[in-house]
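Participant: Sequence:
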Amino acid sequence: MGKRDNRVAYINPIAAARARGPVQSSGPSIQDYLSRPRPTWEELKEQLDKKKKGSRALADFEDKMNERWRKELAKNREKLIGARENQKERKATEQRDKHKREVHSLN
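Under UniProt numbering, the final residue of the sequence shown carries the number 107; numbering is consecutive throughout.
Everything labelled a hint here was simulated from the structure, so no lab data went into it. Hints are supplied without guarantee of correctness; some may be wrong.
Derived pair list, reagent style SDA-like, types lysine to any residue, alpha-carbon separation capped at 25 angstroms [as the list claims (entries may be wrong)]:
(1) K79 to K100
(2) K53 to T40
(3) K88 to K100
(4) K45 to A57
(5) K45 to S29
(6) K79 to E94
(7) K98 to R84
(8) K50 to K64
(9) K75 to D63
(10) K51 to T40
(11) K75 to R90
(12) K53 to R38
(13) K53 to E67
Sequences are here, hints too, so could you generate the full structure?
Facilitator: Structure, rendered in structure tokens:
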């Protein structure tokens, strides 16, 4: 019985790749990207104007929120003004009472 031959053939990977030929790329090349059609200046301006306008739904939502905010602001102002008026009235009555006490204490 003879020995088994356990040698493995070595293949240079670079040489094998060169032998196969150029690699077929999947997808667009750099040249395709550079030569792609581009919009004209007018088309670009139109796109920018559309973006500035925004969506109608968003504008409606913002208007609704502004209305709610105005109502809440008015309500809070009324509360503050009412509180200030109450403070002024209290101060006035306290001054009258204090003046009455002073007048009565002098007598």
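Participant: Need the list of violated hint numbers for this structure, in ascending order.
Facilitator: 1, 5
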